[in-house]
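Protein sequence lines correspond, in order, to chains A and B. With our numbering, the residue at position 214 of the first sequence is 214, and numbering never jumps. With our numbering, the residue at position 87 of the second sequence is 87, and numbering never jumps.
Possibly wrong hints are sitting among the right ones.
What the hints assert, rightly or not - DEER-style ranges, computed between Cβ atoms:
1. B:Glu209 with A:Ser254: 53 to 61 Å
2. B:Tyr38 with A:Ala362: 19 to 27 Å
3. A:Thr243 with B:Ile43: 20 to 28 Å
Think of the hints as simulated: they come from the structure by calculation, not from any bench. Beta carbons: idealized from backbone N, C-alpha and C, even for Gly.
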Amino acid sequence: MSKPRNNYWLAPVLVIAGVVLVGMAFLLGFVNPVEAAIQLPPEQGPDNTDCLSCHQNPDQTMLFPSREELSITILPAIYGGSAHKNLACQSCHTDISGYPHPENNVELYRYYALQYQDTCKNCHPNQYVEIQDSVHSNLFEQGNLNAPICSDCHDPHSQPVTAKDAEGKPAYTEHAAIANTCGDCHSGIYNQYRQSVHGEGVFVNKNPDVPSCTDCHGVHTIVDPTTAQFRLSSPNMCGDCHTDETIMGKYGLSTDVLSTYVADFHGTTVTLFQKQEPDQMVNMPVCYDCHGIHDIRRSDDPEYGLQIQDNLLVTCQKCHPDATANFPASWLSHYIPSKEKYPLVYYVELVYKILIPTVLGAMVLYVLTDIYRKVMNRRKVKPALVAEVVQQSQPQEAQVPPDVPETPETTEEKAKEE
Amino acid sequence: MAHAEKQYHRFSVAQRIEHLVLILSFSTLGLTGLIQKYAQSGISQALIQFLGGIESTRIIHRVAAVIFVLGAVYHFIVVGYKLFVERRKATMLPGIKDVKDGIGMIGYNVGLRKDRPRMGRYNFTEKVEYWAMMWGLVLMGLTGFMLWNPIATTNILPGQFIPAAKVAHGMEAVLAVLAILIWHFYNVHIKKWNWSMIKGKLSHEEMEEEHAGELDEIERGEAGRIAPLADIRKRRNIFIPLAVVFALVCLFAIYQFVTYEETALTTIAPAASEDAPVFSVPTAVPEALPSSESNGNVQPGFHDGDIGKVNPGNFRDDLSLLAIAPLGELMTRV
């Protein structure tokens, strides 16, 4: 407002220049759209020699009043391998210039870390927005200062650039590292996950097809998995991979798992609630109630696998405590009934597939003959003038199928002409 | 032509009410059942929502089923009374004549015969419906019980019977509803609106068309003949207690049917408290990490660089600070 008027020409020029620059960046494919806001630092390394002259010395520590000791040694070899290698120290440590550093009197290391909480936003605004509604940020806002902030998962001094796949999600080569990061806090889940079919794929087989934590929970947008919404939409989450023939085909796994689930009582209820009352907690099982959440095993796992009817019975009894040995077979185990699998169901269906068209077909045929007779009789009692003509054509009509009553019409026309 | 204007009594008020209850329960069952069978279609979902969601749709279905079965129990008692106490003719029993009548009607319709067969009080189209309804009642009742009480069923039968019952229940429903739409609607509504289930009477012309045999009987004075009153009284004294026992047994069976087991329908009580989530997802339980293993797979420099590593010192003493201090206060300190 207080700016002089003659500066106004600057605005359109700047806007145009900005648009052109961003457009060029897109066209050249140098900048991922998501990361567009990140200002790339110059290619040559920043001059951090002043800082490193002290901080690369080993055993540099910072002592907090809480008697916590923080290592503040920065090894150039490690920092040089990090995603931030081209940043000057002061890009983030904006409050520190020169020596001695300004005094920092926080009591705990945690408070010190939190001082840098909003620093990442300057270069990573999209990620900052993504975490706002995450379960971690909500926890933090509720006053839990141990809830993770950026630097708890991403060590700013050491984390290398995360490899991404074609969709922009972390590449499978990152899967183990991601699980380890989450496991720092969620150790109980981590231990379960390592034993699971997915965890085994990540840690032992380095399998690109199995999910790590972020594939189900999201990268930064991690939502609260205890909500009704998460629960009700979870079958689709599992279905994303488990209905994908290109992935499942490799392991001989059925892609009918979601459709067969939806076709039965449990899945029908869950999908209807998901559409109609997504906030209603429903006790009908979703995938993970039977298969496990983080401890999902192979279905033929002798100890937990649901292909073993005894294991399945235990699972059924979680909700149906009175269930007995025959009960698990009342669930078709994601199979489509066939002569080999669940033949009784298959044959009942077959019988009805024959019975329904036979019965209804016979009924329709009878009704058609009756309609035909009604139509014929109505023509018969039409004006007395035509009666004679109609009667003459009667024997012919008897053999004409009901849907081609051509003769009576033509005879009627003739009668009118007369 | 006084003859032609004559109205013939066909259904009593009780029969008409029975039929109305049947219409209501059958239609409700058909509607609430088919939208469950085809629950993924848009129309079904709109109707399910209109009925208050899938759970209330299921409850409505079950209420209608109970009314339907109660109607059947009433019907059996009435039929029993008419046949065994009043010794009326079992006019609904199918016989060879019905097959002949059916063939005769088709012959008449396609012009192979001049006259309609002279059919009795219940002609073959009506018998087809009645016995299809009886078949449906038994089949839907049995399969419905199995679906309603799967745990009780699998105590006796193999588990496969439950999905088989579901298939049969659903497909029989399709058959029944379509049969009603094609057969019943055509025969009593489309062909000619039949008022007998509303007004209780049929005209002479209608009788001549569909129940000429009965008309003959009426004219001979043989129709609707019942046993002498004294005999009726005697037999009634036997029948009524039997009917009461039968009704009580049926009511008890229905009560069992409805209340036998609950876990297939209702939410099992949450273990902890009423407002606890039905299913709790385990939160992070601090456990010892297999640290040597886990770090073995980590990219170098990711976790084991010593940058930022904190030596807790006596930090644990101050944990209370983090846990108790209100956020605002902490933030000012930060």
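Hints, verified against the model:
1. B:Glu209 with A:Ser254: 53 to 61 Å: holds, 58 Å
2. B:Tyr38 with A:Ala362: 19 to 27 Å: holds, 25 Å
3. A:Thr243 with B:Ile43: 20 to 28 Å: holds, 25 Å
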